[in-house]
Amino acid sequence: MTDECFGHPRLAAIYDPLDPDRGDLDAYVQMTEEFGARQVLDIGCGTGVFALLLADREIEVVGVDPAQASIDVARAKPGGEQVHWICGDATTLPPMQVDLATMTANAAQQIVDPQAWRETLRGAYEALQPGGRLVFETRDPARRAWEEWNREASYRVTEIPDVGAVESWVEVIEVSEPLVTFRWTYVFAADGEVMTSDSTLRFRERQEVEAELSAQGYVLEDVRDAPDRPGREFVFVARRP
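The opening residue of the sequence shown carries number 1 in this note's numbering; numbering runs sequentially from there.
Note that these hints are calculated values from the structure, not bench results.
From the three backbone atoms N, C-alpha and C, an ideal C-beta is built for every residue, glycine too.
Keep in mind that the hints are not guaranteed to be accurate.
[To be verified] DEER-style ranges, computed between Cβ atoms: (1) 114 to 82: 28 to 38 Å; (2) 78 to 176: 34 to 44 Å; (3) 219 to 151: 38 to 48 Å; (4) 189 to 95: 44 to 54 Å; (5) 68 to 196: 16 to 26 Å; (6) 185 to 131: 40 to 50 Å; (7) 191 to 36: 42 to 52 Å; (8) 154 to 36: 35 to 45 Å; (9) 196 to 97: 39 to 49 Å; (10) 30 to 81: 21 to 31 Å; (11) 196 to 220: 30 to 40 Å; (12) 162 to 196: 15 to 25 Å.
Sequences and hints are given; from them, build the entire structure.
Laid out in structure tokens, this is it:
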């Protein structure tokens with residue numbers, strides 16, 4: 001099952017206009033350059049923003065995501081033909097040997113089942129060539145980011161070409177740490193349709209992530225700060241020996 005904001009065609013089509021500032025990806029582009037990566041696996045690629053940034057730099061990219069609607073949006077974008085898109089996840093990848101595997105934004109936290117998380121880390125490991133790196137971010141649970149997710153702070157109206165005005169806001173539904181479930185609501189002015197999308201994130205402690213990486217055979221190279229959310233996230237850099 002994929003969240004409606006990624007899996008429903010009408011919502012996938014407006015995902016980028018509703019979140020146009022992807023400055024969070026700058027650090028990943030810089031790390032791709034830092035590590036000299038020429039083949040990248042983008043796990044949870046969504047609508048393909050990061051994959052296409054890399055492809056534009058003549059990097060060979062595989063983008064994988066379980067939401068077909070998001071893959072369709074990504075494939076239709078300018079340059080989409082330069083990326084190999086896969087509808088699926090890291091547990092069912094074809095054989096490959098990449099320099100770098102990434103999970104940007106909330107991709108890692110959206111894998112809430114512990115077994116699925118282990119299998120994702122193992123799938124990424126198998127896709128990496130020796131010396132290749134896995135890089136992903138996860139929010140620091142101690143910062144309790146969900147306490148800021150409410151209608152008052154998030155409500156906005158966005159004018160989207162060929163769609164019209166769309167109202168959107170988020171509200172937390174349930175907090176049962178380490179799981180937090182929240183709901184986005186969308187109202188389309190063009191026809192009055194109201195759509196919702198429920199998502200659950202798993203807030204893992206740093207020590208938990210480090211232990212699981214070690215269990216799956218990785219060597220932890222670094223835990224960095226997220227430039228776009230200083231002091232609020234861990235950015236893990238793990239290497240396949």
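Hint by hint, here is what the structure shows:
1. Distance hint check: the CB atoms of residue 114 and residue 82 are about 35 Å apart, consistent with the given range 28 to 38 Å.
2. Residue 78 and residue 176 have their C-beta atoms about 42 Å apart, which keeps the hinted 34 to 44 Å range intact.
3. Take residue 219 and residue 151: their Cβ atoms lie about 44 Å apart, and the range 38 to 48 Å holds.
4. Between residue 189 and residue 95 the Cβ separation comes to about 48 Å, which falls inside the hinted range of 44 to 54 Å.
5. Evaluation of the 16 to 26 Å hint for residue 68 and residue 196 yields a pass: the beta carbon distance comes to about 20 Å.
6. Separation of residue 185 from residue 131 is about 45 Å and conforms to the stated range, judged on CB atoms against 40 to 50 Å.
7. For the pair residue 191 and residue 36, the beta carbons lie near 49 Å from each other, so the given range of 42 to 52 Å is met.
8. Hint check: residue 154 to residue 36, Cβ distance near 39 Å, so the stated range 35 to 45 Å holds.
9. The given range of 39 to 49 Å is respected by residue 196 and residue 97, whose C-beta atoms sit roughly 41 Å from each other.
10. In this structure the supplied range 21 to 31 Å holds for residue 30 paired with residue 81, their Cβ-Cβ distance being about 26 Å.
11. Remark: the range hint 30 to 40 Å for residue 196 to residue 220 is upheld by a beta-carbon distance near 38 Å.
12. For residue 162 and residue 196, the Cβ-Cβ distance of about 22 Å falls inside the hinted range of 15 to 25 Å, so the restraint holds.
When each numbered hint is compared with the structure, no violation occurs for any of them.
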